[in-house]
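Fit chain B to the supplied structure of chain A, relying on the hints for placement.
For the protein sequence lines, the chains are A and B, in the order given.
Numbering of the first sequence is given in the numbering used here, commencing with residue 1 and proceeding in unit increments.
Numbering of the second sequence is given in the numbering used here, commencing with residue 400 and proceeding in unit increments.
Derived by calculation from the structure, the hints in this document are not laboratory data.
For glycine and all other residues, C-beta sits at the position ideal for the given N, C-alpha and C.
Among these hints, one or two may not hold up.
Said to hold, decoys possible - To be clear about the criterion: a stretch of chain B counts as covered by chain A if any three or more of its residues have a C-beta under 8 Å from a C-beta of chain A, and this derived list gives those stretches: (1) 518–532; (2) 722–732.
Unchecked claim - No more than 27 Å apart at the CA atoms, straight line, and that leaves these computed lysine-lysine pairs for DSS-like: (3) B:549 with A:349; (4) B:523 with A:232; (5) A:9 with A:232.
Stated by the list, open to error - Just the calculated beta-carbon pair ranges, DEER-fashion: (6) A:147 with B:553: 32 to 38 Å; (7) A:377 with B:512: 35 to 41 Å; (8) B:527 with A:196: 47 to 53 Å.
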Amino acid sequence: MNTFSKADKNTLLFVIIITMLAPFILNPFPEGSAMAQFNAGYPDLMQRFAIFGILAVGFNILFGLTGYLSFGHAAFLGVGSYSAVWMFKLLSMNIIPALILSVIIAGIFALVIGFISLRRSGIYFSILTLAFAQMSFSLAYSVLTPITNGETGLQITLNDPRILDGGTGAGNLPVTGLFGLEMRNTFTLDLGAWAFQFNVGYYICAIFLILAFYLSMRIFRSPFGLMLRAIKTNQTRLNYTGLNSRPYTLAAFVISGMYAGLAGGLMAAMDPLAGAERMQWTASGEIVLMTILGGAGTLLGPVLGAGFIKYFENIFSKINDNVLHTWFSILPDGLENAIVWVLHFFVGKGWHLTLGMLFMLVVIFLPGGLMEGADRIRARFGRNKGKGEDTPNATNPAE
Amino acid sequence: MDQFLLQVLNGLDKGSAYALIALGLTLIFGTLGVVNFAHGALFMVGAFCAVSMQKIFEISKITIDATKTDFLGNPLKVKTPYVIEWFGESAGNAMINWSVPLAILLAIPVMLLVGYIMERGLIKHFYKRPHADQILVTFGLAIVIQEIVKASYGANPIPTPAPSQFVGSFDFGVLLGMDPNAVIYPYWRLIYFAFSAVIISAVFAFLRFTTFGMVVRAGMADRETVGLLGINIDRRFTLMFGAAAAVAGLAGVMYTPINSPNYHMGMDFLVLSFVVVVVGGMGSLPGAVLAGFMLGILESFASMNAVKEFFEMLYLPSIDQIIIYLVAIIVLLTRPRGLMGKAGVMEE
Chain A
1 MNTFSKADKN
11 TLLFVIIITM
21 LAPFILNPFP
31 EGSAMAQFNA
41 GYPDLMQRFA
51 IFGILAVGFN
61 ILFGLTGYLS
71 FGHAAFLGVG
81 SYSAVWMFKL
91 LSMNIIPALI
101 LSVIIAGIFA
111 LVIGFISLRR
121 SGIYFSILTL
131 AFAQMSFSLA
141 YSVLTPITNG
151 ETGLQITLND
161 PRILDGGTGA
171 GNLPVTGLFG
181 LEMRNTFTLD
191 LGAWAFQFNV
201 GYYICAIFLI
211 LAFYLSMRIF
221 RSPFGLMLRA
231 IKTNQTRLNY
241 TGLNSRPYTL
251 AAFVISGMYA
261 GLAGGLMAAM
271 DPLAGAERMQ
281 WTASGEIVLM
291 TILGGAGTLL
301 GPVLGAGFIK
311 YFENIFSKIN
321 DNVLHTWFSI
331 LPDGLENAIV
341 WVLHFFVGKG
351 WHLTLGMLFM
361 LVVIFLPGGL
371 MEGADRIRAR
381 FGRNKGKGED
391 TPNATNPAE
Chain B
400 MDQFLLQVLN
410 GLDKGSAYAL
420 IALGLTLIFG
430 TLGVVNFAHG
440 ALFMVGAFCA
450 VSMQKIFEIS
460 KITIDATKTD
470 FLGNPLKVKT
480 PYVIEWFGES
490 AGNAMINWSV
500 PLAILLAIPV
510 MLLVGYIMER
520 GLIKHFYKRP
530 HADQILVTFG
540 LAIVIQEIVK
550 ASYGANPIPT
560 PAPSQFVGSF
570 DFGVLLGMDP
580 NAVIYPYWRL
590 IYFAFSAVII
600 SAVFAFLRFT
610 TFGMVVRAGM
620 ADRETVGLLG
630 INIDRRFTLM
640 FGAAAAVAGL
650 AGVMYTPINS
660 PNYHMGMDFL
670 VLSFVVVVVG
680 GMGSLPGAVL
690 AGFMLGILES
700 FASMNAVKEF
710 FEMLYLPSID
720 QIIIYLVAII
730 VLLTRPRGLM
740 GKAGVMEE
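Extracted from the complex, chain B is given alone in its bound form:
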């Protein structure tokens, strides 16, 4: 039982990331009909917003403290981050400590801008081109973004710790009357899950309960008619593209304490997110979220020892590495439109 619970929890954080990226992909596909191979790169750009925030906070003024000397006998150089100088000792340290959550404030405008520029500058010209061209150009863009990040931040993962208050683990077992330490779960992953739940609900609420969202949904169903009604649907779709970019970026920002960001993290997530979208059903937002969490949890179940041993008897060691792909293939063969895809949409 405790093993079971632990695996569900473990699956949640990866599932959250899959769900958020897949949500953005579906949003873009549903509105603009474009498959965005650069979406993983947007996730990565978000993660590097957190890195930048951390770097910005750590920019220091170097003063020479004549009273102390270093081991060579030279006067000691003391680095004081500007934030500490400006906001005082405690506030400055708190800002450095909380740089990852604060990076959200940086990431939202940056990602909206990136999304806007990307849609207006590039994707717009590809609506009428074949899908293959759209895939190719966004793939090229993904390479470019990835290489720019690599050139400016280096190829190694950059550790971005969570605020010190959230380091450590939460003991779930005690809560449910089990032994202490039976089911423990890092705080930050819990926060990541909660955060993604908030973002997902926000996106759904926005589409469901606002006029803007209603128009966008109408546009997803029939773009031409909405356009004929005198609504500038293109502009709204551009904004939705920006929103999808922001969702991916925020997913990236909050993911940094779980795995240190490196320049190819986006590509690693992208392929799996595509699989998630396909399993959930192309164009179905709830499907993307559901499939994201499902596959995340499934992956962590497959990494359980008992499951692994069972599959080893079938000559399939480390099943956890390929389980997602296997599930995707089975789903596609038995239910081509995906779990929640509408009949007739992209079924050929």
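Chain A extracted, bound-state conformation:
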């Protein structure tokens, strides 16, 4: 523990506080008010924040530290989901064995794929992982239909064996749980006009996120992490010192694959189904986007990036032309229509366009992502290093 500096401890504390108090922080607007649609404090979305946070943190261990850009991480996510659902079908609805299996299977997958892909570096590595991910997608989508249930996706059914707790759900599909604690249980706290929701599933995900974050912090600050950074800086020179870098990169690849497996397992634990589209390369692209947007190679960046993208995906998809019209109703009619017509392409179903543009802008102007942006702002207002500096930048994406 002594390896952490004070700043690191503060970051960890910050993550713990944010994740634990997320139901409050993400719900700043009272129920029924016009701004209520910008609340993100409902279980489904909060779970996604945490799960994709884990995914991005794991991806960052590979990309941020070693510089190997994998375009196939969604494959591990999918593998994790499939193994978790199989565990729900065969063993029990308890999430612990499911998560353990999904991490192990994803790890084995990552070992095999990494062993082959890591023979090459640079662009070749990206293309190879991309090819592997597409191959896994095809396998899941059609070739291995007996295992993955093809297009329909893998679901739990009433007549699954479920050796440990079979026959419990009479007539109803059983729900996932942790020793009887159901994932979907939500406790609602009514405080005046606010309704804060505390969901069991979210807190499970949040605990895993904190653990994942802590582990990645340990890796970042360990000699192993330093070795990975050395690989990123100059692999050739490292090789000349007589050191074989491949075991290190392979270890990083497997670790980040296991993170993705955990995320996939959690996804299935929150909602017990798994589909092939989770493995498509656009999904891999999304993971890359999150990490880059937040700031690759930084500790906090990927978590923020994941939260940012998932939050705006949710909000932007909700905004439609009517909402836009009410926003700009003070303007003269012609101007209002013109603005709405332009914005129309960027909201609702056009969210991906916004995302693509945002991503390009970040890569072009801000290669370090949001974290670099925060640093630049801090440098601009150099002298007054108050506590207030850090928090607004960091919490912006989550709110």
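Frame of chain A; chain B shown alone:
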């Protein structure tokens, strides 16, 4: 025998598309050293040039024909496409019928322009950045292009038929003295193959026999020295980028009658084209073409029933879906530089 021949033919059209896209990718990589993840999007833009051409030709003037009424009793609205009004009945109809081949005329300037803007406006600033950044920014661009097309043309595939003269199939079997209908092959796919052969030869001839091509080849070998000789190599490379975009676009235009274009067709082809480039050898133009056709034919062989049954015994059903990836992995493990890659180029 007839089965064999049929599969070779079936593989050719897909192989042509792979070869054309891979050729453009290799051209860009060889000249500018950039991996263009937006190349599939360029293929798609080409395909939508054909869609646009069709839409342009179908813009109609609405006249009210008072002599006839529709089923509600209102005067009937008659749509006359402007092309028919301007060029007369037969010429106008012929233009609508031939909209896909005519779209080539639209696609060439559009694609050259798109390629030029893309290189000057974006890629230029990424030469000195790491490869990862180049991949990321072109990937972002691919998303943007794809979403713009989706916003303007909708998410559903748009049917773009081939000229009616080419609908139907050619009976190859009769030509070779086999039974009729043993080996039949759609005309348009034959044309697609011939077209891609022409384009590929044109690119090779251009690089081989013109001074411009010679300079470009010299630049591919050693950019710095060519620059030092007082040749503006950057401008030529920009033009080559435009040419590569045009090749991808033309491949897209002609592909539309085979598969109706939709906004994500580019992405579907892109991944496979990357595999083709890797198998052929990064930076090798003949390698890209060879690997494109080879993998296309291989894919169609793997979809043969006999082959499928054989692999099903090995617990690998529908091998055709993954055969390309398997081959790519084997090639990379045994011959890392690809089939025709030069020793030492991108071998690490």
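Comparing the hints with the structure gives:
1. Counting residues of the region 518–532 of chain B whose CB falls under 8 Å from any CB of chain A gives 7; the rule of at least 3 is met.
2. Given a C-beta distance limit of less than 8 Å, the hint that chain A covers the region 722–732 of chain B holds, as 6 residues qualify and 3 suffice.
3. Distance check on the hinted pair: residue 549 (chain B) and residue 349 (chain A) sit about 10 Å apart at the alpha-carbon level, within 27 Å; holds.
4. For the hint pairing residue 523 (chain B) with residue 232 (chain A), the CA-to-CA distance comes to about 24 Å; that is within 27 Å, so the pair holds.
5. Restraint check: the Cα-Cα separation between residue 9 (chain A) and residue 232 (chain A) comes to about 26 Å, which is no more than 27 Å; the hinted pair holds.
6. In this structure the hint that residue 147 (chain A) and residue 553 (chain B) lie 32 to 38 Å apart at CB holds, the actual value being about 35 Å.
7. Hint check: residue 377 (chain A) to residue 512 (chain B), Cβ distance near 38 Å, so the stated range 35 to 41 Å holds.
8. Range check, residue 527 (chain B) to residue 196 (chain A): about 50 Å between beta-carbon atoms, so the 47 to 53 Å window is met.
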